[in-house]
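Trainee: Sequence:
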Amino acid sequence: MRLLQSQPDLHVVCAGAGSSELLSLARQLRPGLVIVGEGQLRDVEQLSRYNTVPALLYCEGHPLPGMLREASRWGVFDTIRPNLTTTEWGAEVLRKVRRVLPQVKARPTVFRAPVATIPGLSTGLVILGGSTGGTAAVEQLVRGLPATLAYSVLVAVHLPAAFLNSFIERLRRATTLPVVAGWPGTVLEPGCIVVAPGGRNLLVKPAANSPWQAWQTEFTPESGASGDEPSVDLLMRSAALTVGRNVVGVVLSGLGRDGTLGAEAIRQHGGTVLVQDEASSAVFSMPSSVIQHGWANAVLPLEQLPAAITKQAAFFDRLSPEKRLSRSFSARALQL
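With the first letter of the sequence shown counted as 1, position 177 gets the number 177 in UniProt numbering; the numbers rise by one all the way through.
Heads up, some of the hints might be wrong.
[Unchecked claim] Ranges between beta-carbon positions, derived for each pair:
1. Glu-189 x Gly-270: 18 to 28 angstroms
2. Gly-227 x Thr-86: 42 to 52 angstroms
3. Glu-218 x Gly-294: 29 to 39 angstroms
4. Gly-294 x Ser-24: 40 to 50 angstroms
5. Phe-163 x Arg-143: 16 to 26 angstroms
6. Pro-206 x Gln-268: 18 to 28 angstroms
7. Ala-147 x Arg-170: 14 to 24 angstroms
8. Gln-140 x Lys-205: 26 to 36 angstroms
9. Thr-148 x Ala-91: 39 to 49 angstroms
10. Pro-206 x Gln-304: 25 to 35 angstroms
11. Glu-88 x Gly-227: 42 to 52 angstroms
[Claimed, not checked] Here are the simulated lysine to aspartate or glutamate pairs, EDC-like style, with alpha carbons at most 20 angstroms apart:
12. Lys-205 x Glu-189
13. Lys-205 x Glu-264
14. Lys-205 x Glu-222
Rather than coming from a laboratory, the hints here were simulated on the basis of the structure.
Just so it is clear, CB atoms sit at the ideal spot from N, CA and C, and this is done for glycine as well.
Start from the sequences and build out the full structure, keeping to the hints where you can.
Mentor: Here it is as structure tokens:
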């Protein structure tokens, strides 16, 4: 930011962290250029309804498919590339600001660090775990999930690896939500259902090379306490450790106790655990174990679980809007 402030023909205004401050300043000062992070795209969209302002978009990671196409409709004319050195970064900012200099000159520029929820990234996770009777339960459950679900859905059901593709096809026929297999590096997107392959244990980790609170899946050689693969415990525990309270764990029909330790981790990190009731379960062992250990927030018939998941996801989304601040962006801006 010092680099921009040092330019005699630019007047830089450093806005606060709230979206309302950016919109208020932009409407008041009528800037010639707004520099925003990916988290401010919705602010730019709102601003464009009143007055389209040229916007330069800072991308710490590679933009998601379709993001730039939408952004161009709201006045975003260019992006600052990711993975630049401090010197390269500063030079690129100046060069692209100068491209619109006739419009910027003698007018203030609002400069924003990227915060808030990013379009195209999940705001939380739903983990569906089951074993015997679990595939049928998952199939019925996903039928009731809305197309607007802001959380990613991960599925861990004890199945041989050879059944992965057929299970995915069954789920695709049951829902309009996208359904994919979870492999190393699979980015968790809102409303996408990610199925853990059989014979492997899947974890949730922060997305590689991303400054945002984005998440992806990875394999682990670690074995769960039950010895089942994919392990519900390991997946739930990793989700709780990585994401925190914006996790909804759902333990479905199944034999054994897999999911009990995972449910404990979710509750300890502020998340929610829902359990399928005995009447609708083919085998009640997994749900019963979670209940007996005191980790269930609610025990519900299978047909009521989709609405409960949707309500819980919406509640957390309203309660704690994620501020996905890029620390590397802030540090780099201060260096300039």
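Trainee: Hints broken by the structure, by number, lowest first?
Mentor: Hint check: nothing fails, all pass.
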